[in-house]
Amino acid sequence: MFFDAATGGKNARIEVREAQGRYQVTIGDKTLDLDWVRTGEHEASVLLDGASHDITVEKTAEGFAVLIRGDRFDVDLKDAVKGVALGKVAHAGPLKLNAPMPGKIVKVLVSPGDTVEAGRGVLVMEAMKMENELKAARAGTIQEIRVKEGQAVEMGALLLIIG
Amino acid sequence: MFFDAATGGKNARIEVREAQGRYQVTIGDKTLDLDWVRTGEHEASVLLDGASHDITVEKTAEGFAVLIRGDRFDVDLKDAVKGVALGKVAHAGPLKLNAPMPGKIVKVLVSPGDTVEAGRGVLVMEAMKMENELKAARAGTIQEIRVKEGQAVEMGALLLIIG
Amino acid sequence: MPSPRKFKKILIANRGEIAVRVMRACRELGIGTVAVYSEADRAALHVRYADEACFIGPPPSRDSYLKMETILDVAKRSGAEAIHPGYGFLSENAAFAKACKDAGIVFIGPPAEAITAMGEKTSARRVAVEAGVPVVPGALHPLADNEAILKEAQRIGFPLMLKAAAGGGGKGLRLVHEPGDLEAAVLRARSEAKSAFNDDSLYIERAILKPRHIEIQVLADGHGNAVHLFERECSIQRRHQKIIEESPSPFVTPELRERMGALAVALVKKVGYVNAGTLEFLVDENREPYFLEMNTRLQVEHPITEMVTGVDLVKMQIRIAEGEPLPFAQKDLTQRGHAIECRVCAEDPDANFIPNPGKIETLRVPGGPGIRDDSGVYEGFEVPMFYDPLISKLVVHAENREAAIFRMLRAVSEYKITGIKTTLPFFDRALRHPKFIEGDFDTSFVGRLQGENDDRTRAAELAMAIAAVATYRARRRSRAEPDAGKGEGSLWWRLGNRDTVTRL
Amino acid sequence: MPSPRKFKKILIANRGEIAVRVMRACRELGIGTVAVYSEADRAALHVRYADEACFIGPPPSRDSYLKMETILDVAKRSGAEAIHPGYGFLSENAAFAKACKDAGIVFIGPPAEAITAMGEKTSARRVAVEAGVPVVPGALHPLADNEAILKEAQRIGFPLMLKAAAGGGGKGLRLVHEPGDLEAAVLRARSEAKSAFNDDSLYIERAILKPRHIEIQVLADGHGNAVHLFERECSIQRRHQKIIEESPSPFVTPELRERMGALAVALVKKVGYVNAGTLEFLVDENREPYFLEMNTRLQVEHPITEMVTGVDLVKMQIRIAEGEPLPFAQKDLTQRGHAIECRVCAEDPDANFIPNPGKIETLRVPGGPGIRDDSGVYEGFEVPMFYDPLISKLVVHAENREAAIFRMLRAVSEYKITGIKTTLPFFDRALRHPKFIEGDFDTSFVGRLQGENDDRTRAAELAMAIAAVATYRARRRSRAEPDAGKGEGSLWWRLGNRDTVTRL
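Chains as they are written, first to last, in the working numbering: chain C, 1 to 163; chain Y, 1 to 163; chain P, 1 to 504; chain E, 1 to 504.
Isolated chain C (complex conformation) (with noise of 0.2 Å):
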């Protein structure tokens, strides 16, 4: 199987073979041989040519997140065939945007019926003497917005939808 990765301003092209209950992993001219054993629903030990590495890794909206003792990479996936991403969560349903603090809007970013990315910032808020861009989880069109600039929010707010 044959995939696109990236992650931290990294790229490559990754091939995964297996053979005797082990994993070939190709990466440009390096070729890693991982004995992979589950040891929770998100997490494995992993070894590889003697190194022990134990790490949990998980779908995520924007893809895959890998944990390495204390880093935690977030990783780009394609299938390099068909050119479709890989993880990024499928959520069932309008998506809710709640205020992450208490604070104040300071701009709308779109407007409903606009169609937005994952990723993509919907609404400045600024809390505790910061500004903060809020972000969509996943992609859809802004089904409704409750809040105005200028409007003071609780925490837990009902700012936006995302259907």
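For the record, the hints were derived by calculation from the structure and aren't laboratory data. Backbone N, C-alpha and C define an ideal beta-carbon position, used for all residues, glycine too. Be aware that one or more of the hints could be misleading.
Claimed, not checked - No farther apart than 25 Å at their CA atoms in a straight line, the calculated lysine-lysine pairs in the DSS-like style are these:
id : chain 1 : residue 1 : chain 2 : residue 2
1  : Y       : Lys-96    : E       : Lys-359
2  : P       : Lys-67    : P       : Lys-9
3  : Y       : Lys-104   : E       : Lys-242
4  : E       : Lys-331   : P       : Lys-331
5  : E       : Lys-194   : Y       : Lys-104
6  : P       : Lys-194   : C       : Lys-104
7  : P       : Lys-76    : C       : Lys-96
8  : E       : Lys-331   : Y       : Lys-107
9  : P       : Lys-76    : P       : Lys-6
To be verified - Label pairs and their in silico Cβ distance ranges:
id : chain 1 : residue 1 : chain 2 : residue 2 : range
10 : P       : Leu-175   : C       : Ala-152   : 53 to 59 Å
11 : C       : Arg-146   : P       : Asp-199   : 27 to 33 Å
12 : P       : Arg-448   : Y       : Gln-20    : 37 to 43 Å
13 : P       : Leu-175   : C       : Pro-112   : 40 to 46 Å
14 : P       : Asp-181   : E       : Pro-4     : 46 to 52 Å
15 : E       : Pro-4     : C       : Asp-29    : 31 to 37 Å
16 : E       : Thr-122   : P       : Pro-327   : 48 to 54 Å
17 : C       : Glu-131   : E       : Lys-359   : 48 to 54 Å
18 : C       : Arg-146   : P       : Pro-327   : 51 to 57 Å
19 : E       : Phe-158   : Y       : Glu-126   : 42 to 48 Å
With the hints as your guide, set chains Y, P and E onto chain C.
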């Protein structure tokens, strides 16, 4: 639903009803009103008359094990109408009994072909200066006995197979 | 059972980790606990932990955790003799302290009068000046005319800070290094203040450059005894809120420690303060301390003091509220080793630490020597969006500062949370930073760290390989003929929704 | 990074909690770790925790963890400069210590000669007598004729113990209270020994009634310095193995502590001992200590000493092995507070503590102040049947003994393990026992506790109601029309095997 329950020498006929997402449990002349929220695979938060109980419950070879704040209760439960015992995890395939400690086989209490109930003693082992009766973890037929009286065995050694 | 206590039951008017922390102390003392919970918190850890739990209203705090009458009513009905407010919510509310007293319920904290005297910034500053405790030199009142500002500036000295009296959000704020720059700065600050707040009055204050935020923990009983429990270093902040704290402070000398401790005890005795409290100071580059304000309650970061002094602050709060005298004098208290706290928050450290509530899918907590995890959550819990994003306080204790830093890094490497973003990866970067290890930092550390190049590419290739293999495995499973009896792997893949679950 | 060390990489020749404990110390010191694992341990925690991991053979210890040549070979190939043996396995094997030395690899423990001198009971006893350390009075050689026994008995005094020289398993053991009972007892013991072992030789030893098992921790460097780190009380035992330990001992006075500490240091210096070790004593009712034997390695219960002294014993072992001198003298060491350890084992406390390996379905570890969990397992791990059933050491530290007991009870109440039976419910009973709380117990405590009436019916009704509701809920779910999109509950029930899964 009606059950016959027993634990630690106490017996009770129990009726469970459900109403508005809560459970009415009648034990003897008392009725308990349980607010039950699942908090994990084997865990629940139970509110009962304002008291909070953080519990686990699981099926075991003998019935149910309930943990309440450091106490363990092994509960026998029967369907009061059918009289059938509940719980009692069913295993597929033969069950191997291995030596839980290094020691010596003092007595073999069964013969191949014997049928045994769960909890029935099958071997007596001397280890750590004490005699320990090893029990059948589930009902079945003795398929094979791999040890003799007087034989010394290592930790983990296969002793006996229940089919 | 533990020795019988005066209180048999305490209501904890809080939620999350601090409610659980207080209940743990109660359970160890043999005192029953009553939790209160909002609609968002039925399955929260503090409800699971309590002996009794009572519903008090809808999710927003003002409809539940801030409802004084409701909470007092629950206390009375449950038979609780006392209320512990934790931090935040009603903990520094003098009216609530008074309402408890009027209802015949002990408020575990200072008397209402002490909250009023020390809880408000300008009042506390006045009291401090009277007690001879140094404060940041400045005018205590807004100055309307330029002449008054110039005159005050002479008195206060440079560098100084101009602040809009009506201000907030950094508007109308001006740092002035030299007397020659003052007039122009006043003009600009006034015009900014006028347009932002329609009020051009300005405060003026000596500017503390590269300030250290250092606080002193105190305990005072109702019998006139008061002690301090040394300092905490709280300079590492994000969004003007602490995120890493340590004790002792690498910046504080034995002389400064003794001086600040003595100032704190003097202030506490002057106002007749009772129970636990914290005096916050700014310390400048010359190690001059300036009293800033007092927190008349338990602090989030109290565990680091507990670890170096061996004193359980929550148990002491309860004993003091029961009327007991302090069981030790100042000379009995010593600091042993070094402690660090990292606040594990449901926040995105790569996006201004914006809160990021959601469901915790995996939770693996570090263990072994010198680790303390004060958590308010569990695996499977959905962190509600209505409250503070703090999910756990990770605290370590070791023989010295270096050992504590590397113990914390070890702990962070063991801590695994999936499902939400947390501040854990930030700690891995911050604690490895040479400036942190040298102890050479101030309140601007987090901002400067975020500007620096992020060197997290160490294992980037491995991370990509892992994502690829995880996908490979999931696809192989989804293709295989489902067979319930054959392996657990197939369970998930019968449901059709094949691409939404990653299972390793 | 931590200050650079002499060792860059250490192989840990062990598994389970102690392997993880040692690796944690290495990680904090910036030292790389190499795990070895048997076929049964590919997914074990120590393999997950290590930087490198190497397969060494089939599950039985003699084919893997006891294979000296294999382990030395892995060490050489991986470039490890040192081997930490943990406890058990090869930790007290003088031949292995020597083989390491010959291979140019540092054995983190005493020199082979010290293991030989102190590791064997009769040799250690001889050394002790020479050093003037009291031992249990008795004959060091088997006595064949009755006359010799009567003569020795005069010298040793009563009560005394007759032991079959070839013995074991309690056979040929006789307690004799009075001189008048001796002859009859000798006759019976001889006949029992003869029939059991075909050898009627007897040892004779003063009987210590109601003995306390108290041990002294020592550290000695390669520069002639040695200190003791006070005592541990280890009288609570099951199957003649410790299960609850504490420090300080409620039984030890400051005078006895000083005396035993001085004896231990004298003995250690006499044999040129280096690294960590423990001297075990029996202490009789009159607080007279008798040296029993020495453990020339790290003890299972070392964490309680770490918590009261603030010294990290594993890090000290590594520093000593690197050639560093001890960084402190005896006068720098103090005991602060009180620590207790409970050994959480996969055993059935209601059936003679018989090991009970299996899969851990749920694992919730206690947190908050003063708790340390040294675990070797994780949720989902299948405890193998081949090794020690110890899955975790739960340790607490608090300001005094009472506070530590109730903290431990609190910790036990938070600790949840399903899937296997453990010793946790036993701790709940043992620690609440008035005799334990009073500190009035000896090595017979567990046996006597098991004889007592079990009062665990407190919540029996609730437990029955819970089992009934769990079943009710499972049945309702199994009857409902399966619908993948509707709720997670239905996932499990599509598989037909309806009565084998309890899901709340």
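Below or equal to 25 Å on CA atoms is what counts here, so check Lys-104(Y) against Lys-242(E).
22 Å, holds
Quick one, are Lys-194(E) and Lys-104(Y) close enough, alpha carbons at most 25 Å?
This hinted pair holds, its Cα atoms lying about 20 Å apart.
Does Lys-6(P) lie within 25 Å of Lys-76(P) when you go C-alpha to C-alpha?
17 Å, holds
Given the hinted pair Lys-331(E) and Lys-107(Y), is their Cα-Cα distance within 25 Å?
Violated: Lys-331(E) and Lys-107(Y) sit about 57 Å apart, past 25 Å.
Given the hint that Lys-76(P) pairs with Lys-96(C), does the C-alpha gap stay at or below 25 Å?
Violated - the C-alpha atoms of Lys-96(C) and Lys-76(P) are around 39 Å apart, more than 25 Å.
Cβ distance range 53 to 59 Å for Leu-175(P) and Ala-152(C), holds or violated
Violated - the Cβ-Cβ distance for Leu-175(P) and Ala-152(C), about 29 Å, lies outside 53 to 59 Å.
Does the alpha-carbon distance linking Lys-194(P) and Lys-104(C) stay inside the 25 Å limit?
20 Å, holds
Cβ-Cβ distance between Arg-146(C) and Asp-199(P): within 27 to 33 Å?
31 Å, holds
Should the hint that Asp-181(P) and Pro-4(E) are 46 to 52 Å apart at their CB atoms be regarded as holding?
Since the Cβ atoms of Asp-181(P) and Pro-4(E) sit about 48 Å apart, the hinted range of 46 to 52 Å holds.
Outcome of range test on Cβ distance (Glu-131(C), Lys-359(E); 48 to 54 Å):
51 Å, holds
Does the structure keep Lys-331(E) and Lys-331(P) at a Cα separation of 25 Å or less?
19 Å, holds
Confirm or reject the claim that Arg-146(C) and Pro-327(P) have a C-beta distance inside 51 to 57 Å.
About 55 Å separates the Cβ atoms of Arg-146(C) and Pro-327(P), which means 51 to 57 Å holds.
Hint compliance for this structure: hints 7, 8, 10, 12 and 19 are broken, all remaining hints hold.
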